[in-house]
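Generate coordinates for the entire structure from the input sequences, incorporating the hints supplied.
So the protein lines, in turn, are chains S and L.
Numbering of the first sequence is given in this note's numbering, commencing with residue 5 and proceeding in unit increments.
Numbering of the second sequence is given in this note's numbering, commencing with residue 5 and proceeding in unit increments.
Take the hints with a grain of salt, since some may be wrong.
Identical chains share a label here; the pair holds if one copy fits it or two copies do between them.
What the hints assert, rightly or not - In silico DSSO-like cross-links for lysine-lysine, where the CA-CA straight-line distance does not exceed 30 angstroms: (1) Lys196 <-> Lys168; (2) Lys156 <-> Lys168; (3) Lys222 <-> Lys168; (4) Lys208 <-> Lys68; (5) Lys155 <-> Lys168; (6) Lys61 <-> Lys208; (7) Lys62 <-> Lys196; (8) Lys7 <-> Lys196; (9) Lys7 <-> Lys62; (10) Lys201 <-> Lys61; (11) Lys208 <-> Lys62; (12) Lys183 <-> Lys31; (13) Lys31 <-> Lys62; (14) Lys196 <-> Lys61; (15) Lys183 <-> Lys222; (16) Lys62 <-> Lys201.
Honestly, the hints are just simulated from the structure, not real lab data.
2 protein chains.
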Amino acid sequence: MEKPLILVTNDDGITAPGLRALIRTMKEIGEVVVVAPDSPQSGMGHAITVDSTLFSKKVVVDHKEGAPSEYSCSGTPADCVKLALRVLLDRTPDICVSGINHGSNSSINVIYSGTMSAAIEAGIEGIPAIGFSLCDYSWNADFEPCLDAVKKIVSEALTNGMPKGTVLNVNIPKTEKLKGIKICRQARGNWKEEFDKRRSPSGKDYYWLTGEFELLDKGEDTDEWALAQGYISVVPTQFDLTAHHAIPLINNWNLNEH
Amino acid sequence: MEKPLILVTNDDGITAPGLRALIRTMKEIGEVVVVAPDSPQSGMGHAITVDSTLFSKKVVVDHKEGAPSEYSCSGTPADCVKLALRVLLDRTPDICVSGINHGSNSSINVIYSGTMSAAIEAGIEGIPAIGFSLCDYSWNADFEPCLDAVKKIVSEALTNGMPKGTVLNVNIPKTEKLKGIKICRQARGNWKEEFDKRRSPSGKDYYWLTGEFELLDKGEDTDEWALAQGYISVVPTQFDLTAHHAIPLINNWNLNEH
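The following block contains the structure:
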């Protein structure tokens with residue numbers, strides 16, 4: 005039987021240790037092709053490159069543990085997936101995995117996440133897709149403790165298929181002793197930004213974005229709760245953004261009367 | 005009574021005719037502050053500027069018809085809203101309106117939309133928010149025919165408030181004879197990309213992203229249907245991306261057994 009074709013991408017760039025760990029793990033269960041940004045793309049959300057050129061080339065990052073086919077791309081994570089599906093791959097991948105991100109994409113962070121935008125882009129094309137993120141921003145983060153679970157989740161996705169219109173947002177707590185895997189909903193939360201205002205040598209005002217995440221949700225069915233308890237959180241995530249429950253409410257507005 | 009404070013932004017940049025038309029219209033119902041990108045940010049999705057500086061300055065674009073306070077910002081639409089709320093505004097705006105975009109943000113385009121990312125960013129902060137898009141990509145598009153409806157929708161949002169966790173994605177067909185306003189769901193669809201491959205003078209391969217939108221949904225309750233019939237479509241849009249219906253399905257996967 006043909007091995008499953010696994011498209012691997014990320015948003016931290018093709019040399020990121022989290023991506024390299026994911027490639028090693030995916031090679032154990034399938035044929036791996038990598039198409040990943042040539043530079044970090046964190047916080048890119050679902051950006052795509054319009055009105056600008058996109059460069060891509062075949063590269064070898066790691067002779068020993070890399071994939072047979074790896075391409076770097078000058079674009080965003082969503083661009084990488086589009087280019088992979090339309091140009092670089094010979095056949096449709098059986099699954100697309102993105103990550104392992106250096107840092108959390110739980111709760112509202114899914115909205116800003118380049119990692120998840122790659123998974124969502126594949127999902128829109130009907131391809132099972134999963135974004136993986138480790139809650140450790142360090143470039144030297146230890147990915148080893150989670151690799152068995154990553155492999156298990158991908159294997160189960162290949163076996164079961166994905167519910168229609170759904171991709172998975174998987175977040176992994178920073179711990180050597182993972183308690184297990186919990187299926188969750190996205191916790192409500194937001195960022196309390198602070199802008200660090202400075203002045204350039206030429207006298208222009210500029211800002212650095214900083215801030216703290218504020219959790220607004222104590223539900224024990226949320227990703228944040230699971231992570232705090234030492235569980236891997238899996239949130240089925242959709243790209244139909246319609247707030248269906250709000251349609252009847254807005255139908256009561258006085259929009260068409262004069 | 006204090007006039008409502010209206011934050012106006014967009015993704016086409018602070019000089020875009022669609023933004024200028026929105027400013028003129030909003031000045032009829034409230035006090036307007038503009039914080040908008042200093043250059044076009046189309047297709048930026050929900051990108052934010054991390055690990056890079058953000059410049060902002062007070063500007064005057066149009067002495068006669070502009071707003072008393074306008075700021076340009078070097079960042080993305082989501083950055084503009086964050087900077088407005090945390091730094092530039094004296095009080096919380098009563099509503100945030102984004103647009104009017106030069107081009108459609110219906111169906112799956114909501115995912116890639118900088119216009120909508122600004123509205124969603126405000127929505128995350130609990131501020132009523134609406135993204136407006138005209139289905140005409142031309143810089144010289146005629147915004148006049150839709151301005152009464154835009155004003156109506158904003159007025160109704162101010163009167164009724166917004167359902168919790170919801171913002172509005174409003175798309176306007178390119179026609180002088182609008183039939184009315186329909187509350188809709190997001191149509192299923194995707195882009196069939198084609199990459200136009202070229203070679204640079206120095207011998208590097210590069211691509212231009214092109215493609216056609218493919219509608220996969222004929223539902224008469226969708227935004228695409230409403231637009232095709234000449235109606236303005238209003239889709240209540242949420243930022244809880246959890247596919248709640250998929251949670252029990254994925255709970256059946258064999259993830260925690262050994």
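Evaluated hints:
Only between protomers do Lys196 and Lys168 lie at most 30 angstroms apart by alpha-carbon distance; the minimum there is 19 angstroms, versus 34 angstroms within a single protomer. Taking the shortest Cα distances, Lys156 and Lys168 sit within 30 angstroms of each other inside one copy (21 angstroms), while across copies they are farther apart (37 angstroms). In this homomeric assembly, Lys222 and Lys168 come within 30 angstroms of each other (Cα to Cα) both inside a single copy, at 29 angstroms, and across copies, at 18 angstroms. In this assembly of identical chains, the alpha carbons of Lys208 and Lys68 lie at most 30 angstroms apart only when taken from different copies (27 angstroms versus 48 angstroms within one copy).
In the homo-oligomer, the alpha carbons of Lys155 and Lys168 lie at most 30 angstroms apart inside one protomer (22 angstroms), although the nearest pairing across protomers, at 38 angstroms, exceeds that limit. Proximity of Lys61 to Lys208 under the C-alpha cut-off of 30 angstroms is restricted to the inter-copy arrangement: shortest distance 8 angstroms between copies versus 38 angstroms within a copy. For a Cα distance limit of 30 angstroms, the shortest separation of Lys62 from Lys196 across copies, 24 angstroms, qualifies, whereas the shortest one inside one copy, 41 angstroms, does not. For the identical chains of this complex, Lys7 and Lys196 are inter-copy neighbours only, at 27 angstroms across copies versus 46 angstroms inside a copy, given an alpha-carbon limit of 30 angstroms.
Taking the closest pair of Cα atoms, Lys7 and Lys62 come within 30 angstroms of each other only inside a single copy of the chain (22 angstroms); across copies the shortest separation is 58 angstroms, beyond that limit. In this assembly of identical chains, the alpha carbons of Lys201 and Lys61 lie at most 30 angstroms apart only when taken from different copies (12 angstroms versus 39 angstroms within one copy). In the homo-oligomer, the alpha carbons of Lys208 and Lys62 lie at most 30 angstroms apart only across protomers (12 angstroms), although the nearest pairing inside one protomer, at 41 angstroms, exceeds that limit. In this assembly of identical chains, Lys183 and Lys31 lie within 30 angstroms of each other by CA distance solely inside one copy; the values are 25 angstroms within and 56 angstroms between copies.
In the homo-oligomer, the alpha carbons of Lys31 and Lys62 lie at most 30 angstroms apart inside one protomer (18 angstroms), although the nearest pairing across protomers, at 53 angstroms, exceeds that limit. For the identical chains of this complex, Lys196 and Lys61 are inter-copy neighbours only, at 22 angstroms across copies versus 39 angstroms inside a copy, given an alpha-carbon limit of 30 angstroms. For a Cα distance limit of 30 angstroms, the shortest separation of Lys183 from Lys222 inside one copy, 19 angstroms, qualifies, whereas the shortest one across copies, 45 angstroms, does not. Taking the shortest alpha-carbon separations for Lys62 and Lys201, only the inter-copy value of 15 angstroms comes in at or below 30 angstroms, while the best intra-copy value is 41 angstroms.
Checked against the numbered hints listed earlier, the structure breaks none of them; every hint is satisfied.
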